[in-house]
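Asker: Take the given structure of chain A and dock chain B with the ligands to it, following the hints.
Just so you know, the protein sequences line up as chains A and B, in that order. Each residue of the first sequence is one higher than the last, beginning at 1 in the working numbering. Each residue of the second sequence is one higher than the last, beginning at 1 in the working numbering.
Hint data in this document are derived by calculation from the structure and do not stem from the laboratory. Some hints could be false.
[To be verified] Cβ-to-Cβ under 7 Å is the rule here; a few derived chain B residues that face chain A:
no.	residue
1	Leu-63
2	Arg-87
3	Gly-93
Quick reminder that beta carbons are idealized off the backbone N, C-alpha and C, glycines included.
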Amino acid sequence: MSTVTEQAAEGRPAIDEPGPAAPRYQGSGILRQISVLSGRSLRVLRDPAMVLPGVLEPILMLTVFSQVFKSVSQTSAFPPGVSYIDFLLPAFLVTSAVSAGLKSGVALTTEMNNGIIARFRSMPIHTGSVLVGRSIADTALAGVNMLALLVAGALVFGFDPAGGFLGAAGCLAIAMALSWSLGWVFMAMSAWLRRPEALQPIGGILNLVLLFASNAFVPVEGLPGWLRTFASVNPMSQAITAARDLSMGEVDAGTLLAPLGICAVIVAITAPLAIRSFRRSA
Amino acid sequence: MKDGRTKDKHVDAVIEVAGLSKTFGSVAALDDVSLSVQKGSVLGLLGHNGAGKTTLVNILSTLLRPSRGRARVAGFDVVGDGVEVRRRIGLTGQYAAVDETLSGRDNLILIARLLGAGRAEAAARADELLEIFQLSDAARRRAKTYSGGMRRRLDLAASLVGRPDVLFLDEPTTGLDPVARRGLWQVVERLVKDGATVLLTTQYLDEADYLADSITVLAKGRIVASGTAEELKGRAGSRNVSVTLRTDEAVLRTTEVLRRSGLDPAPDDEDGLVLIVPVHDSTEIATVVRATDEAGADIAGLAYAEPTLDDVYMALNHSSAVR
Ligand SMILES: Nc1ncnc2c1ncn2[C@@H]1O[C@H](COP(=O)(O)OP(=O)(O)OP(=O)(O)O)[C@@H](O)[C@H]1O
Ligand SMILES: [Mg+2]
Numbered sequence: 001m002s003t004v005t006e007q008a009a010e011g012r013p014a015i016d017e018p019g020p021a022a023p024r025y026q027g028s029g030i031l032r033q034i035s036v037l038s039g040r041s042l043r044v045l046r047d048p049a050m051v052l053p054g055v056l057e058p059i060l061m062l063t064v065f066s067q068v069f070k071s072v073s074q075t076s077a078f079p080p081g082v083s084y085i086d087f088l089l090p091a092f093l094v095t096s097a098v099s100a101g102l103k104s105g106v107a108l109t110t111e112m113n114n115g116i117i118a119r120f121r122s123m124p125i126h127t128g129s130v131l132v133g134r135s136i137a138d139t140a141l142a143g144v145n146m147l148a149l150l151v152a153g154a155l156v157f158g159f160d161p162a163g164g165f166l167g168a169a170g171c172l173a174i175a176m177a178l179s180w181s182l183g184w185v186f187m188a189m190s191a192w193l194r195r196p197e198a199l200q201p202i203g204g205i206l207n208l209v210l211l212f213a214s215n216a217f218v219p220v221e222g223l224p225g226w227l228r229t230f231a232s233v234n235p236m237s238q239a240i241t242a243a244r245d246l247s248m249g250e251v252d253a254g255t256l257l258a259p260l261g262i263c264a265v266i267v268a269i270t271a272p273l274a275i276r277s278f279r280r281s282a
Numbered sequence: 001m002k003d004g005r006t007k008d009k010h011v012d013a014v015i016e017v018a019g020l021s022k023t024f025g026s027v028a029a030l031d032d033v034s035l036s037v038q039k040g041s042v043l044g045l046l047g048h049n050g051a052g053k054t055t056l057v058n059i060l061s062t063l064l065r066p067s068r069g070r071a072r073v074a075g076f077d078v079v080g081d082g083v084e085v086r087r088r089i090g091l092t093g094q095y096a097a098v099d100e101t102l103s104g105r106d107n108l109i110l111i112a113r114l115l116g117a118g119r120a121e122a123a124a125r126a127d128e129l130l131e132i133f134q135l136s137d138a139a140r141r142r143a144k145t146y147s148g149g150m151r152r153r154l155d156l157a158a159s160l161v162g163r164p165d166v167l168f169l170d171e172p173t174t175g176l177d178p179v180a181r182r183g184l185w186q187v188v189e190r191l192v193k194d195g196a197t198v199l200l201t202t203q204y205l206d207e208a209d210y211l212a213d214s215i216t217v218l219a220k221g222r223i224v225a226s227g228t229a230e231e232l233k234g235r236a237g238s239r240n241v242s243v244t245l246r247t248d249e250a251v252l253r254t255t256e257v258l259r260r261s262g263l264d265p266a267p268d269d270e271d272g273l274v275l276i277v278p279v280h281d282s283t284e285i286a287t288v289v290r291a292t293d294e295a296g297a298d299i300a301g302l303a304y305a306e307p308t309l310d311d312v313y314m315a316l317n318h319s320s321a322v323r
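Extracted from the complex, chain A is given alone in its bound form (with noise of 0.2 Å):
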């Protein structure tokens, strides 16, 4: 050892000047690191490559869906004198936040994996901060697809909710609000089950089951019996038809407050539940 000290000692730069020339930083605040987290989310909006699939893919499935699904407003079940697109709309919004709650808990399991969640776990940071800035992220980046998705289907289909903009910017804060919420539960299995590979099925699954036995497609009146029972007890159905009495102009404080209040109830229970797991993972 001695002798290769000496020998790298010699004309080279140091790294790190001992001493008060370069004192230890002094530690970030959790505000600091929820912005500083959330922010490095967020950067993946600079890159169109990362963004443009995020926004096409529901604007490509509401071109099929509403093709599909047309004659159903021909059906006696379907609200008379309302085109199938305002029908559709609100909903797909609001289905559109469960991909992307799904998104977030693969995109955490992808990085316990690949290291970096080891590093900050390393560092002098609190561990809520590193999901707490996610949750901002994604929700925000759902945020952004779900506004293309609107502006896609007044320009291109033909949405016009009776609501006007008020009642679709409702549409837009449960749906956002859904992808927060749902967010927190996918975070908090990946948490738990720590590999992707385990929880792409099971929120494949219960994003099938979520979206296809509600309201989103069909009126509930239109499904068979056991189906109905459960589709109208669907938490989806309860945050689409507020979507979508907003988006018809049927505004009054409880049609936004409860989905909101419903989402709040599951962060507030599955939260604390993810950070504890992330904590105890390693």
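Answerer: Just chain B with the ligands now, kept in the frame of chain A:
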């Protein structure tokens, strides 16, 4: 000094591990491991796959909780005072831990910001480290596009952002080319010279030999040997001078003279013209040369060999496998 920091007799032991065990189900990844590392020194932790190296590093960097035993880093308990420990350590894990979606520079800025640096300060620190690790040219490229070696260097840079007192390096040079390995060794030496304490795991014996002040060999979670590289080499047997002569007669005469000077030469198994002379140190090379001269023998070849750490390692692992 903050609460919980003890100043006892081991003032200079920056890493102290006592009776540490970790079990995963029925697997004992670590079994009653005790060691200590002095301030400003390098401990090399050697072991085969599954020996428990990563488990020890993870416990010391607070990523894992021990099943039994105690560990203190920079004076703080890794279980009770995890935050204080994390303020003082840098970790380069076995697998590079960088955000692939960010550029190398943004990775380092991210870490600096999280540690409390202001924007400008963070950028300056990032540029400084990129320079040291010769990543300046690739600074603004996404880490996803980096080669394995570049990623490893970025990872090491990231663990140095906060100027840690204690650095954990888990197989830092695995996958690096020889030039990059040397470069990394020099960086580590430099850090140690500036006062850092390093615990380094490796499967490369020459790496431990080169960098470490003391070496601990792990096998199946237990410490099977520890000491300086010299001490471990001492266990594997003596140093040898091997001298090649021209004739059988010269071999005989030289053997005789060497015996008289108190050495114990033996002919090589493979080549009868080669004499192997165990010696205590390199100064006895001269004795061997003088003996050939006295015997009037012509030297065709002369070599001096230290036992390599590989010899030690093989011997130890052989005995631990038998056990
Ligand atoms: N999370 C875990 N769950 C179960 N077993 C584990 C876990 N982590 C490590 N082990 C086991 O503990 C033992 C020690 O593993 P460890 O990763 O510490 O070895 P290592 O010396 O770092 O090996 P390598 O050189 O391959 O990196 C192995 O038998 C491993 O299978
Ligand atoms: Mg390992």
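Asker: If a hint holds in the structure, say so; if it doesn't, say that too.
Answerer: Hint check results:
The restraint placing Leu-63/B at the interface with chain A holds, with a minimum CB-CB distance near 5 Å, inside the 7 Å limit. Here the hint on Arg-87/B is kept, as its CB sits about 5 Å from the closest CB of chain A, short of 7 Å. Taking 7 Å as the C-beta contact cut-off toward chain A, the hint placing Gly-93/B at the interface holds, the least distance being around 6 Å.
In the structure shown, no violation is registered for any of the earlier numbered hints.
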